[in-house]
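Protein chains in written order, with the numbering used here: chain Z, 47 to 162; chain A, 2 to 114.
Simulated from the structure, these hints should not be mistaken for lab results. Treat the hints loosely; a few may be bogus.
[Said to hold, decoys possible] Pairs of lysine-lysine, BS3-like flavour, derived with a Cα cap of 25 Å:
no., chain 1, residue 1, chain 2, residue 2
1, A, K101, Z, K59
2, A, K43, Z, K68
3, Z, K103, A, K16
[What the hints assert, rightly or not] The following residues of chain A were derived to be distant from chain Z, with all beta-carbon distances above 12 Å:
no., residue
4, Q7
5, K59
6, K72
7, S75
8, M79
9, T88
10, A92
11, K111
12, L113
These numbers were taken from a predicted model, which means no experiment stands behind them. Positions of the beta carbon are idealized from the N, C-alpha and C atoms, including for glycine.
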Amino acid sequence: AAGVIQSPRHLIKEKRETATLKCYPIPRHDTVYWYQQGPGQDPQFLISFYEKMQSDKGSIPDRFSAQQFSDYHSELNMSSLELGDSALYFCASSLRTSGTIRNEQFFGPGTRLTVL
Amino acid sequence: QQQVKQSPQSLIVQKGGISIINCAYENTAFDYFPWYQQFPGKGPALLIAIRPDVSEKKEGRFTISFNKSAKQFSLHIMDSQPGDSATYFCAARLSSGTYKYIFGTGTRLKVLA
């Protein structure tokens, strides 16, 4: 079965540079979530999109922005990178069906961002 | 109020033993409680989940016990195996127009051979 695809898998950037992470959700999934996971930490919710519209916002820095495109893939844009941005960035997708209590989210393999 | 507290932080269990991980929450608006298993360098994978109107759910060696009045839920891994060694996260979902998942802080489980 198709899973969530993230690219790149690894990314090394210098301080103050920009980075773009991509996420391709499971086919027919309409919701995308972005999480940041520091070493030994739990995933911290950044932002989510439903049907290409931002649906919720978590602890996403102002330096970061994201969007979901017409083909449902999503991109997380990170500018003015800081050392503390080094983390694993996960994308998850789910199918938000009206009236359902399921809506399980499935995680991608993550992008490991290292800021030097 | 949206916090999910998870314990223990780490757990060492002998092969064949029972691993128990506990989570507690405050927000009664949470309506879905999944557990995720994460191996190093990999994304969290959904293991098992429960709704608050069910007190127990079992899937193979994995069981969730849910105590709605105490606002606590736990994961039990029976006959723990070295391959179960991973980090486990509980989570709680908030549905208020949108879906938002709050994660526990994780439990690093090591099963000794």
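Here is what the structure says about each hint:
no.	hint	result
1	K101/A x K59/Z	violated, 30 Å
2	K43/A x K68/Z	holds, 16 Å
3	K103/Z x K16/A	violated, 42 Å
4	Q7	violated, 8 Å
5	K59	holds, 18 Å
6	K72	holds, 18 Å
7	S75	holds, 17 Å
8	M79	holds, 23 Å
9	T88	violated, 9 Å
10	A92	violated, 9 Å
11	K111	holds, 14 Å
12	L113	holds, 21 Å
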